[in-house]
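Please model the entire structure based on the sequences and the hints provided.
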Amino acid sequence: MDKFYIKAALFLLNLLAYMNNNALATEIAPQKSFIKSLFKKSVNKNNDATLPNNISNQIDEPSDPLICTNPDEIEKVEKLMSEAIEKLQELAIHSNDYSLYQHYDDNTNVYYKKYKNLDIQKVDTKAYNTDKYEDIINRLFTLDKKKFYGYLLVKGKIVREYNPNLVMIQHRYINQHEFKGYFYAIAGKHKVSEDTTVIALTSANINDYNQHDQNFYRNAIVESANSFETEVNSEKDIRKGLLNKMYIHISGYVIKKKSKYIQVTSIHSMEMDTRNAPELIDKEFTSDRVVDMVNVNIHFSRE
1 MDKFYIKAAL
11 FLLNLLAYMN
21 NNALATEIAP
31 QKSFIKSLFK
41 KSVNKNNDAT
51 LPNNISNQID
61 EPSDPLICTN
71 PDEIEKVEKL
81 MSEAIEKLQE
91 LAIHSNDYSL
101 YQHYDDNTNV
111 YYKKYKNLDI
121 QKVDTKAYNT
131 DKYEDIINRL
141 FTLDKKKFYG
151 YLLVKGKIVR
161 EYNPNLVMIQ
171 HRYINQHEFK
181 GYFYAIAGKH
191 KVSEDTTVIA
201 LTSANINDYN
211 QHDQNFYRNA
221 IVESANSFET
231 EVNSEKDIRK
241 GLLNKMYIHI
251 SGYVIKKKSK
261 YIQVTSIHSM
271 EMDTRNAPEL
281 IDKEFTSDRV
291 VDMVNVNIHF
301 SRE
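Position one of the sequence shown corresponds to residue 1 (UniProt numbering), numbered consecutively onward.
Don't read these hints as lab results, they were simulated from the structure. Honestly, I wouldn't trust all of these hints.
Think about it this way: if two alpha-carbon atoms lie no more than 25 Å apart in a straight line, the pair counts; the simulated BS3-like pairs of lysine-lysine are [unchecked claim]:
| # | residue 1 | residue 2 |
| --- | --- | --- |
| 1 | Lys191 | Lys157 |
| 2 | Lys157 | Lys240 |
| 3 | Lys256 | Lys126 |
| 4 | Lys157 | Lys79 |
| 5 | Lys147 | Lys180 |
| 6 | Lys113 | Lys256 |
| 7 | Lys240 | Lys126 |
| 8 | Lys132 | Lys146 |
| 9 | Lys79 | Lys283 |
| 10 | Lys180 | Lys145 |
| 11 | Lys113 | Lys87 |
| 12 | Lys283 | Lys180 |
| 13 | Lys132 | Lys191 |
| 14 | Lys157 | Lys147 |
| 15 | Lys157 | Lys236 |
| 16 | Lys258 | Lys114 |
| 17 | Lys116 | Lys132 |
| 18 | Lys147 | Lys260 |
| 19 | Lys145 | Lys126 |
Keep in mind that this is a model prediction, so the values were computed, not measured.
See the structure below:
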């Protein structure tokens, strides 16, 4: 096992130990096999994965995105994304009200805070190869790929394109027990300055014709998302209510190039329907973000 694998393994083991030491041992026990599998399968040199047949066979390949030509919808999406980018930067910069959840080393820290009854996760990391600034941005804004984190599959596709840097995406999550969740979100990439780029995601009132979950989800962070309405031609399993709906209040990254390193900050706040869900499913479905940030630190610190 080379240094790349060892660092990822140590991070995840440290994270598990920290949670156990903070009175979460009884809660986290069902997740131990999942955590152990993360560093065995998710961190690899080619960023590829071999999917179990029972999961892989359930996933269709992404279809071509629909190009949006509705000027009114495009205008509303642009307004929505402008607010999402602003809110995400505020949540990334203002750090005094976050509580440290896990300190890995001088490069990677995980924080949480409460905001309007929501849990907001913040992960800070650094990559020490400043020539990789554009590579990091491109990797984090690749939203239509299939990724495998141990026993958690995250599969994304672009369902509508407003412009190359502003799209609507669908993400599906399947864990080792074949519990399935999904969300639709508007995703955008914006160059704030020569050395700072923001990638933001937020859910809105997107009618996917889910027969079993027609609840109105109110975005507690991006207000303009609550006045945006559209519909999508969802797949049969979503229409039949076979997947649990998830809702992204805010999610994304602030990537800032400094003189000696690249600072990457991840913000993530998600709500989901946990009825009939396995224990700790919400934590499991957000662990991919932590692993991604560890990968950024390790992979893009190489020469």
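Verification of the supplied hints:
1. Lys191 <-> Lys157: holds (23 Å)
2. Lys157 <-> Lys240: This hinted pair holds, its Cα atoms lying about 20 Å apart.
3. Lys256 <-> Lys126: holds (10 Å)
4. Lys157 <-> Lys79: Holds, because 23 Å separates the two Cα atoms, which is no more than 25 Å.
5. Lys147 <-> Lys180: holds (15 Å)
6. Lys113 <-> Lys256: Satisfied, since the Cα-Cα distance of roughly 22 Å is no more than 25 Å.
7. Lys240 <-> Lys126: violated (43 Å)
8. Lys132 <-> Lys146: Measuring from Cα to Cα gives roughly 22 Å; hence the hint holds.
9. Lys79 <-> Lys283: Given pair Lys79, Lys283 is violated - Cα atoms ~31 Å apart, limit 25 Å.
10. Lys180 <-> Lys145: With a Cα-Cα distance of about 17 Å, the restraint between Lys180 and Lys145 holds, given a limit of 25 Å.
11. Lys113 <-> Lys87: holds (15 Å)
12. Lys283 <-> Lys180: holds (14 Å)
13. Lys132 <-> Lys191: holds (16 Å)
14. Lys157 <-> Lys147: holds (12 Å)
15. Lys157 <-> Lys236: holds (16 Å)
16. Lys258 <-> Lys114: violated (29 Å)
17. Lys116 <-> Lys132: Distance of about 36 Å is beyond 25 Å: violated.
18. Lys147 <-> Lys260: violated (30 Å)
19. Lys145 <-> Lys126: Holds, because 24 Å separates the two Cα atoms, which is no more than 25 Å.
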